[in-house]
Amino acid sequence: MEKKNENIDIELITRHLSGESSVSEDKELKRWLAENPENIKLLDQYTTIWEKLGRVESVAGIDLNAEWNVLESRMAESEKIVSLHAGRKRSVSFYIARIAVAAMLAVVLTFTGIYTVNRFGYRTMATMNQPEELVLPDGSTVTLNHFSSLKYPRKFSGEIRSIELDGEGFFEVESDPDNPFVINTRDVDIKVLGTSFNVNAYSENAAVEVIVKTGEVAVTRHGEVPRTIILKPGNKGVYKKTEETLEITQEIDRNYLAWKTKSFVFEDQTLLDVSKQLSKVYHAEIIIDSDSLKDARITTTFNDQSLDAILNVLSATLDLDVRKSNGQIILSETN
Amino acid sequence: MAAKERNIEIKLDKRTFEELFRSFFPSLVLFAQKYVPDQDTAKDIVHNVFINLWEKRQQVDTDSPLKSYLFTSVHNRCLNYIRDQKKFDKDETRFQRLDSTEFSDGVDRLEEQELEQRIYDALQALPEKCREIFMLNRFEGLKYAEIAQKLGISVKTVETQMSKALKILREKLIDYLGMIILFILTHLN
Chain A
1 MEKKNENIDI
11 ELITRHLSGE
21 SSVSEDKELK
31 RWLAENPENI
41 KLLDQYTTIW
51 EKLGRVESVA
61 GIDLNAEWNV
71 LESRMAESEK
81 IVSLHAGRKR
91 SVSFYIARIA
101 VAAMLAVVLT
111 FTGIYTVNRF
121 GYRTMATMNQ
131 PEELVLPDGS
141 TVTLNHFSSL
151 KYPRKFSGEI
161 RSIELDGEGF
171 FEVESDPDNP
181 FVINTRDVDI
191 KVLGTSFNVN
201 AYSENAAVEV
211 IVKTGEVAVT
221 RHGEVPRTII
231 LKPGNKGVYK
241 KTEETLEITQ
251 EIDRNYLAWK
261 TKSFVFEDQT
271 LLDVSKQLSK
281 VYHAEIIIDS
291 DSLKDARITT
301 TFNDQSLDAI
311 LNVLSATLDL
321 DVRKSNGQII
331 LSETN
Chain R
1001 MAAKERNIEI
1011 KLDKRTFEEL
1021 FRSFFPSLVL
1031 FAQKYVPDQD
1041 TAKDIVHNVF
1051 INLWEKRQQV
1061 DTDSPLKSYL
1071 FTSVHNRCLN
1081 YIRDQKKFDK
1091 DETRFQRLDS
1101 TEFSDGVDRL
1111 EEQELEQRIY
1121 DALQALPEKC
1131 REIFMLNRFE
1141 GLKYAEIAQK
1151 LGISVKTVET
1161 QMSKALKILR
1171 EKLIDYLGMI
1181 ILFILTHLN
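Going down the list, the protein sequences come from chains A and R.
Note that the working numbering has the first sequence beginning at 1, numbered continuously upward.
Note that the working numbering has the second sequence beginning at 1001, numbered continuously upward.
No wet-lab data here; the hints were simulated from the structure.
Take the hints with a grain of salt, since some may be wrong.
Said to hold, decoys possible - In the DMTMM-like style, the derived pairs of lysine to aspartate or glutamate whose C-alpha atoms are separated by at most 25 Å in a straight line are:
#1 1129/R / 11/A
#2 1067/R / 25/A
#3 155/A / 166/A
#4 1129/R / 72/A
#5 1129/R / 1084/R
#6 191/A / 176/A
#7 1129/R / 67/A
#8 1143/R / 57/A
#9 241/A / 216/A
#10 324/A / 273/A
#11 260/A / 273/A
#12 1172/R / 63/A
#13 1143/R / 38/A
#14 1167/R / 243/A
#15 232/A / 189/A
#16 27/A / 51/A
#17 1156/R / 9/A
#18 1164/R / 25/A
#19 1167/R / 273/A
#20 1129/R / 166/A
#21 1034/R / 63/A
#22 1067/R / 72/A
#23 1143/R / 178/A
The shape of chain R in the complex, shown without the other chains (with noise of 0.2 Å):
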């Protein structure tokens, strides 16, 4: 018996899980949040569904696809999150629309999902000073001449950043655009 136990080889090393956190913690983000109300209870979601799997991570298959169990783990907990929040809440209508929309659009869920995770990942691999200044002018709205004056530099300098990175971006994901333009398409009917 103890022999056997010993045998039990830990699948999921630390490194690799922290590797799994960081490629997927911000797309599992925004996947939980399309069902519950704020950020901060979607990250608490993903976060117990960290745990778990860190828990169970002697018995988890590094070969399975990890992927569709984070996000299968993500969508269940938020369902019952939802359950859980009927009790108290007593405007149901809004769970109830809740409810009756996430079958249907389960698959283009997972390509919606697919795709933010390359926007998030090619935004992420602009170089640092780079992805500063696109995200204060993309995210916060400020002008060139003010992400200048915030950051000591000229304005020069911010618009060849700016131009810089988009640059990139669009190397990165011009593989997607097809489905980009796709999904655009599909949606608006």
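Just chain A, with the same shape it has in the complex (with noise of 0.2 Å):
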């Protein structure tokens, strides 16, 4: 009988502390509580450990296998660079020196970029304001253009060669047709499978665009429906994200490497076509203050030129005025 009565007031306590009673439950724990001093405390322990619980809540989650097998593989990471090194004595000097190449290094990268290693092997290159060209670890090439950042791991396993791009980049892509070569950007995937081409797909852009120089490029766009265009050489797939969709153009800016090359053609362009150019490429701030001026026709070419020196061709050309103020660049007419 008592035992029996002992089990009915657990099932009340923890009804009582998980808000599942009722008020005449209540009104009998209540009872209950008034019967024997012990009782009170057995209540007051229950509702301790109940309260105490929350301190762990945060964790309580926590999957300690997948956690293991995050620490598990880098510590298999860990021992190959160990193993590297094992069983050789090495002096102190050999570890200064060591130390002396990757403070220079670290230096080195953080001119143009930052690179960042996370502990899943992945590496990432984000540059500032200056294109950066990068080796990826199966040999092909990436020019990233300012204010872009590539993801890649650091050995590509698997069939499937996969990285991901935010922003502008020329690649040259190693052929193997075994194993495709897949960009992933934030609205289409570019698969290829030995060739070279320029992405453009800075998030903040309205679209993405693809332009082959060699060998064929598959782009598909993500979504419900993926759709996918093949391009070929010479040719522009653009993807509009508002609109969703995705075109092959022959369209073809003849300038559309120059972030890379630094090397322009133009041909009968207003100065406002040539000064937004410039713009992007060297990442400055050209205004032209006046609207005649604007229209002013060029036909030049650059080759691999500081924007100074393209400036100096400018102005003696449309004899006009180069001034610097604000980290602005103004051109107007001269008086």
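Grab the two chains, each in its own frame, and use the hints to assemble them into the complex.
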């Protein structure tokens, strides 16, 4: 009888603590408490436990197996590094030399971009205001335009060589038909077998553009109904984000690679067009302060020249005044 | 020289290391969360401490108190993290407050941590179904009826399992209840 009673009490206490109890059940609990001071103590203990459980709530759901797997793969990584040097005694100066090299590398890298390695062995190269060239683990090369980032694994594994791009890059992909090379961007995926092409996929732009120089490239739009187009040399694939259209055009701006080559060909173009292209490539703000000047026509070529050199040429041919103020470059007619 | 190197025995083998990880990871994360703003950062810090320990395992004496080593390392790395963040964060007062409290309650934190470890362990020791039901109610705030529907079981089963969980927790924690109450009292002041 007493045993049975205790069971009822525990269920009642649990209902009370978990907010399941009715008003009449709470009254019953009160009566039970009044019966014996031991009952009060018991309820106190349960209440304390119930409340203290809140302290571990944030970690109660941690998946220990998953966390262990992450750690185990990192242990395997560190094992490889350790085994390279195992059994060899190194002098202190060896380590100092290594630290010095590491420090130098860090400085060199931070000149043009930020390079990070995360715990799963992915590397991310993020460029600042200068393009940066890098070689991927398969030997493919990428030139990243400014303010772009590329995430890639330390080593390609599995069938697909997969990387992630936000921004613009020119890719020269090592041919390997068995292991397609796939560039994932936010809106489209670009699949190639071995070729060279330019991808402009800044997430803030209204469109993604892929221009093929050599070889063949497949561009696939994300979404419920994926669509794929095949691009050949001289083709440009354009994905418009708001319309969600993916189309091929032949209209290629001949200076599309200028951000990488710093070479421009201008043929009867307005100074406004020219200044826009220069702004993009040299990451400068160029302002033309008269309307008639904006329409002035230019035909010329530039080959890997500095912005100042280009401005000098423009100023001499169009009789302009070039002024720099607050980081802006202002072009005006000479008085 | 070579003979001497061969003599180095690996004192911390992988199995012991895994046990160590599994038993302390959650409490270390909980501990780190008191210093750093989010759980992901806390997890990263704890992972790094374990990787560091693994890399140094040949020099580790398993008789030494590894537990206090782990907590001290996590503590130090958290402070480093705060120091590094400070350089970027303009809201310095938040960190100054953290800095001034960390010494005063260092001892309390260890006791607190001990207690949390017991509670966590007791929770993990519950039979799986029982724990799942209990956590849905206690941590996710689901009603008995909602749990019954979610898991496709009767409300009566939920009720039985809930009481069972609480009963087991009390049995496991009864010896620490004194400590818990003491803890509440000291923190009320």
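Evaluated hints:
1. 1129/R / 11/A: Judged against 25 Å, a Cα distance of about 18 Å means the pair holds.
2. 1067/R / 25/A: 46 Å, violated
3. 155/A / 166/A: 20 Å, holds
4. 1129/R / 72/A: 28 Å, violated
5. 1129/R / 1084/R: Violated: residue 1129/R and residue 1084/R sit about 43 Å apart, past 25 Å.
6. 191/A / 176/A: 12 Å, holds
7. 1129/R / 67/A: Measuring from Cα to Cα gives roughly 22 Å; hence the hint holds.
8. 1143/R / 57/A: 17 Å, holds
9. 241/A / 216/A: 23 Å, holds
10. 324/A / 273/A: 20 Å, holds
11. 260/A / 273/A: Holds: residue 260/A and residue 273/A sit about 19 Å apart, inside 25 Å.
12. 1172/R / 63/A: 23 Å, holds
13. 1143/R / 38/A: Distance of about 29 Å is beyond 25 Å: violated.
14. 1167/R / 243/A: 61 Å, violated
15. 232/A / 189/A: 16 Å, holds
16. 27/A / 51/A: 22 Å, holds
17. 1156/R / 9/A: Status holds; Cα separation ~15 Å.
18. 1164/R / 25/A: 19 Å, holds
19. 1167/R / 273/A: It is violated: about 78 Å lies between the C-alpha atoms, which goes past 25 Å.
20. 1129/R / 166/A: 45 Å, violated
21. 1034/R / 63/A: OK: residue 1034/R and residue 63/A at ~20 Å, within 25 Å.
22. 1067/R / 72/A: Holds, because 20 Å separates the two Cα atoms, which is no more than 25 Å.
23. 1143/R / 178/A: 54 Å, violated
Comparing the model with each numbered hint stated earlier shows that hints 2, 4, 5, 13, 14, 19, 20, 23 do not hold.
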